[in-house]
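Visitor: Okay, here's what each chain looks like letter by letter:
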Amino acid sequence: MINSIVNQFKQRNFLFGFILILAAIILIGIYKPAVLVEGLQRSALYALIALPMALLLGIVDIINLAHGEFMMVGAYFAYFMSAQFGMDPIVSVLPALLIFFIFGLIVYYLTFKHIIGKPPLNQLLLGFGISLILSEGMTAIATNAPRKLSLDYVSSSASIGGVTFGTFEFVYVAGALIVLLGMQLLLKKTATGQAAVAVGQNPRGARVVGINVNNIYLLIFCVSIALISAIGPLFMTRYTLFPQMGSSFTLKSFSLVAVGGMGSITGVVYAALILGMGETLVLSSLKYGKWAEIIYFALIIGVIMYRSHQRQVK
Amino acid sequence: MAILKTTRVSRQFGGLVALSDVSVEVMENEIVGIIGPNGAGKSTFTNVIAGVYLPTSGKIEFCGQDITLNAAHEKCHAGISRTFQLTRPLVGLNLIENVMLGAMFGKNHPMKDARRESMEFCRFLDLKNIERPVSAMTALEIKKMEIARALATEPKLLFLDEVMAGLNKDETMDMIDTVRKIHSQGMTIVIIEHVMRVIRELTHRVIVLEWGKVLCEGTYDKVSCNPRVITAYLGEEAEC
Amino acid sequence: MKYSKYLAVLVLFIVAAALPNYLGLYQLQIMNFVFVYIAFALSWDMLLRSGQLSFGIAGFAGIGGYTSVLCGYNFALSPILCILIGSAVAGIVALFVGSQVLKLRGLYFSIVTLAIGEIFRVIVRNLEVTGAAEGILLPNAIFMGNATKTYWLMFAIATFTIIISILFQKTRIYYALTSISNDEIVAASSGVNIFKYLVIIFVVTSAIQGMAGAAYWQIYASVTPEGAFNLGFALLPITMALFGGVGTTWGPVIGSAILSVTAEYLKLQFPHGHLLVYGFIMVAAILWFPSGIMGVFKQFTAKFNT
Chain A
1 MINSIVNQFK
11 QRNFLFGFIL
21 ILAAIILIGI
31 YKPAVLVEGL
41 QRSALYALIA
51 LPMALLLGIV
61 DIINLAHGEF
71 MMVGAYFAYF
81 MSAQFGMDPI
91 VSVLPALLIF
101 FIFGLIVYYL
111 TFKHIIGKPP
121 LNQLLLGFGI
131 SLILSEGMTA
141 IATNAPRKLS
151 LDYVSSSASI
161 GGVTFGTFEF
171 VYVAGALIVL
181 LGMQLLLKKT
191 ATGQAAVAVG
201 QNPRGARVVG
211 INVNNIYLLI
221 FCVSIALISA
231 IGPLFMTRYT
241 LFPQMGSSFT
251 LKSFSLVAVG
261 GMGSITGVVY
271 AALILGMGET
281 LVLSSLKYGK
291 WAEIIYFALI
301 IGVIMYRSHQ
311 RQVK
Chain B
315 MAILKTTRVS
325 RQFGGLVALS
335 DVSVEVMENE
345 IVGIIGPNGA
355 GKSTFTNVIA
365 GVYLPTSGKI
375 EFCGQDITLN
385 AAHEKCHAGI
395 SRTFQLTRPL
405 VGLNLIENVM
415 LGAMFGKNHP
425 MKDARRESME
435 FCRFLDLKNI
445 ERPVSAMTAL
455 EIKKMEIARA
465 LATEPKLLFL
475 DEVMAGLNKD
485 ETMDMIDTVR
495 KIHSQGMTIV
505 IIEHVMRVIR
515 ELTHRVIVLE
525 WGKVLCEGTY
535 DKVSCNPRVI
545 TAYLGEEAEC
Chain C
555 MKYSKYLAVL
565 VLFIVAAALP
575 NYLGLYQLQI
585 MNFVFVYIAF
595 ALSWDMLLRS
605 GQLSFGIAGF
615 AGIGGYTSVL
625 CGYNFALSPI
635 LCILIGSAVA
645 GIVALFVGSQ
655 VLKLRGLYFS
665 IVTLAIGEIF
675 RVIVRNLEVT
685 GAAEGILLPN
695 AIFMGNATKT
705 YWLMFAIATF
715 TIIISILFQK
725 TRIYYALTSI
735 SNDEIVAASS
745 GVNIFKYLVI
755 IFVVTSAIQG
765 MAGAAYWQIY
775 ASVTPEGAFN
785 LGFALLPITM
795 ALFGGVGTTW
805 GPVIGSAILS
815 VTAEYLKLQF
825 PHGHLLVYGF
835 IMVAAILWFP
845 SGIMGVFKQF
855 TAKFNT
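Chains as they are written, first to last, in this note's numbering: chain A, 1 to 314; chain B, 315 to 554; chain C, 555 to 860.
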């Protein structure tokens, strides 16, 4: 009885938030239509980058501080494939998935496997160390010089009703939708996904009921690494590469996962919408454009204060 | 005089109701037993009184003061101390340092006084070799150390959460003597227990919890004749 | 055995005091690195003893650096006073951040400290008063660039940090922090005000980091956004503390002494990616020797004694 009332309240709260976001987006659409399209594309990119972390951190409770660095390595992979063999970055998503799944396997067996179940401090430090190895390793291989491919199709654009926008960036929207749907299917419809949710909630209990906990950790870790690394090639079609670019995406992904609510995949998408739209709106202003980076800090701080307050009430 | 008084105290975890409308009183210098089947809310009750969780509703009064929303360390300062169902020694500290923690932060003694006081408590509970690390102690010694840590805060009310669990017959006898010794110093004790013999020997009054509610309360003899207690508790009774 | 420890400290002190007479300018500069990293690594470890992992060294060092240089630039205050103000401001920022986030602790705390440096980097890069992207150049370095005097300043800061660390290991703060890192529920049930002690230790360690950062940038007489909030300031000291052995006073000191000298060598040998080595040391330390050099040393002496 009480349970159902609580659920209803949650639903209503949720609905309220949803309507608020929708209203804000419509307002932006009327005020600056171009921001709406660009904001959607940017949000999709953020969602795409944050979703693999949502899977790893939100579902099975492993924090990977080298998250952004794996994307950076994937992006460099696509860059070199293009420079050496002329492979299109979009095409190199597929080999990246396979190669980085195996790479994730190796990283897991060498490092993360040994600290599962130990204090979370170890995970944080380990991830920090790995992020350092990846970014500095890439500096040693490719130097600090910024790199960018010049691709013709990236700058394609279209106009509707006097608003001009890039069409290529819709690849991020498509990508985010595919990854979102894929994860939902994995977690809701497959036995493995259900087992992963169980492991995240209670590893000991999951072990007792006969779930192979180690395999679940291994699988989710590798899927997360493969996904984030395969997003690298998509990212580098449009943006400039340098070895230190990863850490800010780790921070952004974390704040999105925290805002969306640990364990909620769709929550991350809504958080990404807030961040992407907000940043694009600030960027579109000539005077305050350079403050766009501050948006996600506001997001982090807001969430921390909210959760801190919640904890006090509890 | 009632030292502890709870009025309709409830606690929920999400949708799960762990305690509902628990209204009990503990008198000064009394030993009260709390019994009930697994999941009846005994440990949740201890945790709510000691401040690990705050109650979702209801009121807790201690020595006439409202302490419902006080944090765990404030409840400790007010005079409520407790041990844990599964022992929780601080492995970074040795025996005497574990006890000193209570004296230093529960009673705000300076370090030197805390050490002296703690040594007294160790002697009182028959703990020897007080510079030993936790890894070199037996299960009984760790339990006693936790009692010493709780006593070192110089509480007015002591919660003992299943202190007999995992002890053999001799050790249980030893522990019963220890509890008597603590009570003879004028301490009010709430003892949560599975082993009925311990309850029968030690307690003045028993509170029976089931599904987070008070099933009944009274002296051991009265409670053990209650048919509802017998149906709820039949398996446990046979155990002793 | 008891006296040999004091003797070792005395010898160390005499050697440190004699060094400026025998070292050249470049070596003295390296010694400054050693001292600043001792302050960073040890203060980071002091917070870790309470179970809280901070990535905020870069942030607080940058806040201290910017504050002190700004004070010197705008009000022409004496450098020492500037350093103290820098330290105080870092402490105040930590007080504000800590009072918000230390109720949550754990993961949230670590991530927020990681973000502090980034936040301030964006702020100082966009404000006119902080010199935007170019940063600020002071007319004069501290002590007019006198290498011996700066050596003594940095030595004093490192020694101060060591003394604070030893004090914290010997007073009731040690018991409070150890109990918090071991088991928060037991700590609270024994009367420890967890929040209060965590805020205290966070403010103290951040003020030390602010002070060391302020002194560091006073020596360079300039600050830039990318330099002052460089993430390298977070990861080098962490690696050094892990390498030396966390949870002790001398572990991080030894770790910083060894690794900051090798860092200079590696920087010259491998201009690109010399930090790679630190990544490997950090990972290896977490996986295989969690108590660092001090742990290995203790094992060895234990074997030798029996």
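In short, the hints are calculated from the structure, not lab data. Honestly, I wouldn't trust all of these hints.
Quick list of in silico lysine to any residue cross-link-like pairs, SDA-like style, CA-CA up to 25 Å [unchecked claim]:
| no. | chain 1 | residue 1 | chain 2 | residue 2 |
| --- | --- | --- | --- | --- |
| 1 | B | 483 | B | 437 |
| 2 | A | 118 | C | 739 |
| 3 | A | 188 | B | 449 |
| 4 | B | 426 | C | 825 |
| 5 | A | 290 | C | 680 |
| 6 | A | 148 | C | 724 |
| 7 | A | 118 | C | 825 |
| 8 | B | 373 | C | 852 |
| 9 | C | 852 | A | 121 |
| 10 | C | 852 | A | 188 |
| 11 | B | 470 | C | 737 |
| 12 | B | 421 | C | 724 |
| 13 | C | 750 | B | 366 |
| 14 | B | 495 | B | 528 |
| 15 | C | 852 | B | 449 |
| 16 | C | 559 | B | 437 |
Listed next, the stretches of chain A that the computed footprint assigns to chain C, with coverage defined by at least 3 CB atoms under 8 Å from CB atoms of chain C [what the hints assert, rightly or not]:
| no. | stretch |
| --- | --- |
| 17 | 98–108 |
| 18 | 123–133 |
| 19 | 136–143 |
| 20 | 213–222 |
| 21 | 298–307 |
No residue lacks a Cβ here, since even glycine has one placed at the ideal position from N, Cα and C.
Visitor: Next step is simple, just say for each hint if it's right about the structure.
Guide: Going down the list of hints, with the structure as the test:
1. B:483 <-> B:437: holds, 23 Å
2. A:118 <-> C:739: Roughly 18 Å separates the two Cα atoms, so the pair holds.
3. A:188 <-> B:449: violated, 45 Å
4. B:426 <-> C:825: violated, 54 Å
5. A:290 <-> C:680: Within the cut-off at roughly 7 Å; holds.
6. A:148 <-> C:724: violated, 56 Å
7. A:118 <-> C:825: violated, 36 Å
8. B:373 <-> C:852: Roughly 53 Å separates the two Cα atoms, so the pair is violated.
9. C:852 <-> A:121: holds, 24 Å
10. C:852 <-> A:188: This hinted pair is violated, its Cα atoms lying about 51 Å apart.
11. B:470 <-> C:737: Holds: residue 470 of chain B and residue 737 of chain C sit about 24 Å apart, inside 25 Å.
12. B:421 <-> C:724: With Cα atoms ~19 Å apart, residue 421 of chain B and residue 724 of chain C stay inside 25 Å; holds.
13. C:750 <-> B:366: Given that 25 Å is the threshold and the Cα spacing comes to 17 Å, the pair holds.
14. B:495 <-> B:528: violated, 29 Å
15. C:852 <-> B:449: Between residue 852 of chain C and residue 449 of chain B the Cα gap is close to 18 Å, so the pair holds against 25 Å.
16. C:559 <-> B:437: Violated, at roughly 33 Å.
17. 98–108: violated (count 0)
18. 123–133: Check passed, 9 qualifying residues.
19. 136–143: Per the Cβ count (7), the hint holds.
20. 213–222: Result for this restraint: violated, n = 0.
21. 298–307: holds (count 5)
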